[in-house]
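Trainee: These protein sequence lines are chains F and X, in that order.
Just so you know, we're using my numbering here: the first sequence kicks off at 255 and counts up by one.
Just so you know, we're using my numbering here: the second sequence kicks off at 255 and counts up by one.
I should point out that these hints are in silico values taken from the structure, not numbers from a laboratory.
Some hints here could point you the wrong way.
Given that identical chains are not distinguished, each listed pair holds provided it fits within a single copy or across any two copies.
[Stated by the list, open to error] Cross-link-like lysine-lysine pairs, in silico, PhoX-like; alpha carbons within 25 Å at most: (1) Lys325 to Lys349; (2) Lys337 to Lys256; (3) Lys260 to Lys274; (4) Lys345 to Lys256; (5) Lys301 to Lys345; (6) Lys260 to Lys345; (7) Lys274 to Lys301; (8) Lys325 to Lys274; (9) Lys274 to Lys300; (10) Lys345 to Lys300; (11) Lys349 to Lys260.
2 protein chains.
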Amino acid sequence: MKNFEKVSIANEARVELHDKLNLTGAEISINELPAGASVPFVHSHKKNEEIYAVLEGAGSAVIDGETVQLKAGDWLRIAPAAKRQFFASEKTAIKYICIQVKAGSLEGYTMTDAIV
Amino acid sequence: MKNFEKVSIANEARVELHDKLNLTGAEISINELPAGASVPFVHSHKKNEEIYAVLEGAGSAVIDGETVQLKAGDWLRIAPAAKRQFFASEKTAIKYICIQVKAGSLEGYTMTDAIV
């Protein structure tokens, strides 16, 4: 496998990066929901922690029945077993990243994993 | 641990999310380099794959001696052992996310890890 891969992402409703970048430690998707739209199902995970970043717009997530308001600049960690569903605001679209990683998989990081 | 955590990020030169979000499968930093600036060292990793996303602006990465041009919308995977250094463009700042995950740690994802 090459020591790096790059892709340039244009505006699309959903892009999945795992195969495009040959990722081995994460799946990452870039998602856009139009105003008033939602992901059409509630889901949870077996092993994966999800981390969401809101890039543009606004909306909300319902997590185990609790509504969390979301706007650009917000980051959210959700534990595997939590039941979640994402909604755009009624008035504006929401663009967000979803990062899936195996919960508990990270060992060292930054100064404990880096070689400078 | 709570089933979710949220933080709202303002404009800062560097934000690290591991402790703010109680992440267990990744470290994520949000970084901004002013025009003409660079990360002041070359580094590689012991176990972590890094994934970079350029949010705003432009710049470049030098990876094992190869220069890769970067602009908003670009995503980059870098293998642990590759030697890397990041630069803002001479004319514009660059804002980017860096996601560290343990290489090879992801098992299932999306439909093979989700419970719908």
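Trainee: Against each hint, give a clear statement of whether it holds in the structure.
Mentor: Hints and how they fare:
{"no.": "1", "hint": "Lys325 to Lys349", "in the structure": "both (10 Å within a copy, 18 Å between copies)"}
{"no.": "2", "hint": "Lys337 to Lys256", "in the structure": "between (37 Å within a copy, 13 Å between copies)"}
{"no.": "3", "hint": "Lys260 to Lys274", "in the structure": "within (8 Å within a copy, 29 Å between copies)"}
{"no.": "4", "hint": "Lys345 to Lys256", "in the structure": "neither (43 Å within a copy, 30 Å between copies)"}
{"no.": "5", "hint": "Lys301 to Lys345", "in the structure": "neither (34 Å within a copy, 44 Å between copies)"}
{"no.": "6", "hint": "Lys260 to Lys345", "in the structure": "between (34 Å within a copy, 22 Å between copies)"}
{"no.": "7", "hint": "Lys274 to Lys301", "in the structure": "both (23 Å within a copy, 21 Å between copies)"}
{"no.": "8", "hint": "Lys325 to Lys274", "in the structure": "between (28 Å within a copy, 18 Å between copies)"}
{"no.": "9", "hint": "Lys274 to Lys300", "in the structure": "both (24 Å within a copy, 23 Å between copies)"}
{"no.": "10", "hint": "Lys345 to Lys300", "in the structure": "neither (33 Å within a copy, 46 Å between copies)"}
{"no.": "11", "hint": "Lys349 to Lys260", "in the structure": "both (21 Å within a copy, 17 Å between copies)"}
Violated hints, in rising order: 4, 5 and 10; the structure is consistent with all others.
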